[in-house]
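A.B. asks: Starting from the known structure of chain A, arrange chain B on it as the hints suggest.
So the chains spell out like this:
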Amino acid sequence: MPSSEPSDLNRSQQDAIFDPGNARPVTLIGAGSVGSMAAGWLADIGVSDLAVWDADDVASHNVPMSRYEPEQIARKKVSALAELIARKSGLTIAQVPRMYAGEPLRGSIVACVDRMSARQLIWKQVRKNPNVDILVDTRIAAKYVEVWAIRPCDPDDIAEYEKNLPNDRDALTPQCGIHGIIYSTAVAASAVCDDLTEWWTTGTVRRRFAMLGLKQIH
Amino acid sequence: MAQKRQIHVVIVPTTGAPVTKTVDIARTGKVSVEEVLASAGVSSEKKSLSVLRPTSVTVGPDDTVNPGETITVTERPQGS
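Chain order of the listed sequences is A and B. Quick note on the working numbering: the first sequence kicks off at 271 and runs consecutively. Quick note on the working numbering: the second sequence kicks off at 388 and runs consecutively.
Each hint should be verified, as a subset may be incorrect.
SDA-like cross-link-like pairs, simulated, lysine to any residue; straight-line CA separation at most 20 Å [stated by the list, open to error]:
| # | chain 1 | residue 1 | chain 2 | residue 2 |
| --- | --- | --- | --- | --- |
| 1 | B | 434 | B | 416 |
| 2 | A | 485 | B | 451 |
| 3 | A | 485 | B | 398 |
| 4 | A | 433 | B | 455 |
| 5 | B | 433 | A | 445 |
| 6 | B | 408 | A | 486 |
| 7 | B | 434 | A | 449 |
| 8 | B | 433 | A | 435 |
| 9 | B | 408 | B | 455 |
| 10 | B | 391 | B | 433 |
| 11 | B | 433 | A | 390 |
| 12 | A | 433 | A | 391 |
| 13 | B | 417 | B | 453 |
| 14 | B | 433 | A | 385 |
| 15 | A | 485 | B | 453 |
| 16 | B | 433 | A | 481 |
| 17 | B | 434 | A | 358 |
| 18 | B | 433 | A | 444 |
| 19 | A | 394 | A | 430 |
| 20 | A | 485 | B | 442 |
| 21 | A | 358 | A | 285 |
| 22 | A | 433 | B | 413 |
| 23 | A | 485 | B | 434 |
Think of the hints as simulated: they come from the structure by calculation, not from any bench. Quick caveat: nothing in here was measured; it's all calculated off a predicted structure.
Next up, chain A with everything else stripped away, as it sits in the complex:
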C-alpha cells in the first residue's frame, strides 16, 4: 500500500512552488523511459499516493534512457522503480506488475504507453469518468515530444483528444535507434509533472504541449 503522507524529503527550496498537500492520487501506466522518470519526480515533489502499472522487465536498452540502473536489468520495472523511489524519497508506491487491461481507474491518470491501442484502452475507462480528474498522455518519437492533458468530462477536451487517438497503424511505430533519448524524454516527464501540479493547484490545463528538441511547437 502506498504511504498516506508525503515522504520526508527536505522540500524547503520548492514548497512555495508546489505544496505536496495539493497532490492527488496518481495512477501511472507504463514505467518505461518517460514513465520511470515521471514517477520518480512525482515522488520527489511529494505525491504520496502513487500506483505504477507495467508488466515488463528492465532491459539493457532501457538503462540509458530511463531512471533504471544497470544492476536492475531483468527485474520487474515496477519493483526496480519502487526500490529507487523508496531509497530516495521514502515513498512506497503501489506496484502493479502486469499490463493494463481495462481495469477501473480513479484519480489522476498518467499514460506512458507505447501503442495507440493501449491509449484507447485507457481512454475507454477515462472518458466521462467523474472519478478521474485528469488524463496526462505522453507520446515521443526521436526528439519530438507531445503531451496531452485532458479533463475527462470536458466536451472540448474529449473532442480534441479523440481526433488524436488513431489506430496503431496510423501512427509512427517506435523504432530501434530513434525511439527516444533521455534529454528529450525528460521533457515529456517534466511536462507530466507541470501539467499535474498546475491542474491540482490552479485548475488549469494546457491540453496539448509539443516540443522538438527545445523548440516549442504550436
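C.D. replies: Below, chain B without anything else, positioned relative to chain A:
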C-alpha cells in the same frame, strides 16, 4: 495594395528543425487543408494537422483554412 493570399505549412520532423513552406492561393474563399498540403507537396499520412485559432486546433484534410493561417504538420508519435 491587396494582401497576398498565402497559407503557411510548418512541417515538424522528429529530429532536426521544422521547415516552413508557403502556398499562394489564387482564388478567393476558403481552401481545404488537403488542397494546401498537396500544393506544398506534403502527405498527411500518419500526420497530425493543426491550426492556431488562437490555440492549437486539430484539423482534418477536408477542413478548410483561411489565408494567413498556418497549418502545422507533425508526426503521430506513439512511443513513451
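A.B. asks: If a hint holds in the structure, say so; if it doesn't, say that too.
C.D. replies: Results of checking the hints against the structure:
1. B:434 to B:416: violated (25 Å)
2. A:485 to B:451: The given pair, whose Cα atoms are some 27 Å apart, is violated under the 20 Å limit.
3. A:485 to B:398: holds (13 Å)
4. A:433 to B:455: Violated: residue 433 (chain A) and residue 455 (chain B) sit about 24 Å apart, past 20 Å.
5. B:433 to A:445: holds (15 Å)
6. B:408 to A:486: Holds: residue 408 (chain B) and residue 486 (chain A) sit about 18 Å apart, inside 20 Å.
7. B:434 to A:449: Holds, at roughly 17 Å.
8. B:433 to A:435: holds (11 Å)
9. B:408 to B:455: Holds, because 13 Å separates the two Cα atoms, which is no more than 20 Å.
10. B:391 to B:433: violated (31 Å)
11. B:433 to A:390: The given pair, whose Cα atoms are some 17 Å apart, holds under the 20 Å limit.
12. A:433 to A:391: Judged against 20 Å, a Cα distance of about 16 Å means the pair holds.
13. B:417 to B:453: holds (5 Å)
14. B:433 to A:385: holds (14 Å)
15. A:485 to B:453: With Cα atoms ~26 Å apart, residue 485 (chain A) and residue 453 (chain B) exceed 20 Å; violated.
16. B:433 to A:481: holds (18 Å)
17. B:434 to A:358: violated (40 Å)
18. B:433 to A:444: Roughly 13 Å between the alpha carbons, so the hint for residue 433 (chain B) and residue 444 (chain A) holds.
19. A:394 to A:430: Holds: residue 394 (chain A) and residue 430 (chain A) sit about 15 Å apart, inside 20 Å.
20. A:485 to B:442: holds (17 Å)
21. A:358 to A:285: holds (18 Å)
22. A:433 to B:413: violated (30 Å)
23. A:485 to B:434: Status holds; Cα separation ~19 Å.
Checked against the numbered hints given earlier, this structure breaks hints 1, 2, 4, 10, 15, 17 and 22; the rest are met.
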